[in-house]
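Asker: Chains as they are written, first to last, in my numbering: chain A, 1 to 216; chain B, 1001 to 1216.
Think of the hints as simulated: they come from the structure by calculation, not from any bench. Be aware that a few hints might be false.
What the hints assert, rightly or not - 27 Å max Cα-Cα, derived DSS-like pairs, lysine-lysine:
hint : chain 1 : residue 1 : chain 2 : residue 2
1    : B       : Lys1068   : B       : Lys1050
2    : B       : Lys1068   : A       : Lys50
3    : A       : Lys82     : A       : Lys121
4    : A       : Lys50     : B       : Lys1050
5    : A       : Lys5      : B       : Lys1075
6    : B       : Lys1082   : A       : Lys5
7    : B       : Lys1082   : B       : Lys1112
8    : B       : Lys1068   : B       : Lys1083
9    : B       : Lys1121   : B       : Lys1082
10   : B       : Lys1121   : B       : Lys1050
11   : B       : Lys1083   : A       : Lys121
The structure displayed is predicted, hence computed values, not measured ones.
There are 2 protein chains.
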Amino acid sequence: MKEFKIPEATVSRLSVYSRYLTEVEKQHIVSISSGEIAEGMGGTPAQVRKDLAYFGEFGTRGVGYNVKQLNQEIKNILGLSKKWNMILIGAGNLGSALSQYHGFRERGFEIKGIFDNDLNKVGLMLNGLPIYPINEMADYIEANGISIAIIAVPGDYAQDVADILVETPIKGILNFAPVVLTVPDEVEVRNVDLSVNLEVLSYNIENNLDTMPEEE
Amino acid sequence: MKEFKIPEATVSRLSVYSRYLTEVEKQHIVSISSGEIAEGMGGTPAQVRKDLAYFGEFGTRGVGYNVKQLNQEIKNILGLSKKWNMILIGAGNLGSALSQYHGFRERGFEIKGIFDNDLNKVGLMLNGLPIYPINEMADYIEANGISIAIIAVPGDYAQDVADILVETPIKGILNFAPVVLTVPDEVEVRNVDLSVNLEVLSYNIENNLDTMPEEE
């Protein structure tokens, strides 16, 4: 299934396509064209065709892709054929928002527990999840088969949290703190930098104005 | 400055490089090599060189890039040579986390006001920002030169909010709601889909395990 490496931008889009295919599956639609996927997702047909070329063997020219088969193949590629147990570190506003984010569980990612070093929060529940002290984090990861940690603590604490995590069997970190974490190669880190998203947006705004002045 | 179009992944990295260059500038360092940027950012030198090739005229082989000049050029490209006034729609947990996110203002993006349809919240302040009712949003955008809106409402309400926004002079939307928004071409939308980030992470974890079994 994973003999080849896919560009990161394509991996991101595959994730979006899979979400759309899951909706299409619910409508009992059997086959779909790359053009229909593009229309459903607001993308361009050329981009979709390029991304789906990784699954060329499943598509038939003039017929399209088998929805269920394509979705399953994408999920396999993305590592979604298994369940991922996660912990969340940081019970502040962002942690609270993340703990009630429905999109994670639907895709096989489940937050099992929350960790915080604020003793006023430890022992309480946040959106149905228990808040534990950070000094119990390593044992919890071992005992509960946790493979992904979401860091939602202030920037000043993020590396300290990462330093604890890398000594555990954790495999990946989704980092919301606005700092670059130093971790060993065997731990994957994905940074969610909200400013970067804004700057891509401002670039696109500027670019749109430049290339389509007739729409002004 | 903006004669060429840059791939989105490069635009994202330029944003990260610029943040790093800003830190380097503060240390009064005059020139920097692509390798030093790679080291500072945890990227590969080849990737950095490829991205910075868009600014080739500013780098000198063996000497490197003038830090201040390169950073200013990147900021111009990203549209950061101006200030961006923003509003935030949604005063829930996510909105609260976003309203206190320091990274925005440092880069020239300023949230001026928050909008919510919960009348228990309207009139209150959230992290020093006033909460207004959504029916005042269009007038506020006009009166305050707002060009970017951040949508942090539940998925069911996001399109309704977008429908109001597209009738205003708003130029871009940063959308945190897990839905695909339908907007006219002249409004740029950037979706921050938290599940997509997790799925790129799980792909990377799976891929790392496959390609580096000796590190297991």
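Asker: Determine for every hint whether it applies to the structure shown.
Answerer: Quick rundown of the hints versus the structure:
1. For the hint pairing Lys1068 of chain B with Lys1050 of chain B, the CA-to-CA distance comes to about 20 Å; that is within 27 Å, so the pair holds.
2. This hinted pair does not check out: Lys1068 of chain B and Lys50 of chain A have alpha carbons roughly 38 Å apart, beyond 27 Å.
3. Under the criterion of a C-alpha separation no larger than 27 Å, the hint pairing Lys82 of chain A with Lys121 of chain A is inconsistent with the structure, at around 32 Å.
4. Taking the CA atoms of Lys50 of chain A and Lys1050 of chain B, the gap is about 22 Å. The hint holds against a cut of 27 Å.
5. Only pairs whose Cα atoms come within 27 Å are accepted, and Lys5 of chain A paired with Lys1075 of chain B is rejected, the gap being roughly 32 Å.
6. With a C-alpha separation of about 39 Å, the suggested pairing of Lys1082 of chain B with Lys5 of chain A is violated against the 27 Å cut-off.
7. Between Lys1082 of chain B and Lys1112 of chain B the alpha-carbon distance is near 16 Å, which keeps this suggested pair within the 27 Å criterion.
8. Taking the CA atoms of Lys1068 of chain B and Lys1083 of chain B, the gap is about 19 Å. The hint holds against a cut of 27 Å.
9. Simply put, Lys1121 of chain B and Lys1082 of chain B have alpha-carbon atoms about 32 Å apart, too far for the 27 Å limit, and the pair is violated.
10. A distance of roughly 48 Å separates the Cα atoms of Lys1121 of chain B and Lys1050 of chain B; the hinted pair therefore is violated under the 27 Å criterion.
11. In summary, the hint linking Lys1083 of chain B to Lys121 of chain A is not supported, as the alpha carbons are separated by about 38 Å, beyond the 27 Å threshold.
When each numbered hint is compared with the structure, violations occur for hints 2, 3, 5, 6, 9, 10, 11.
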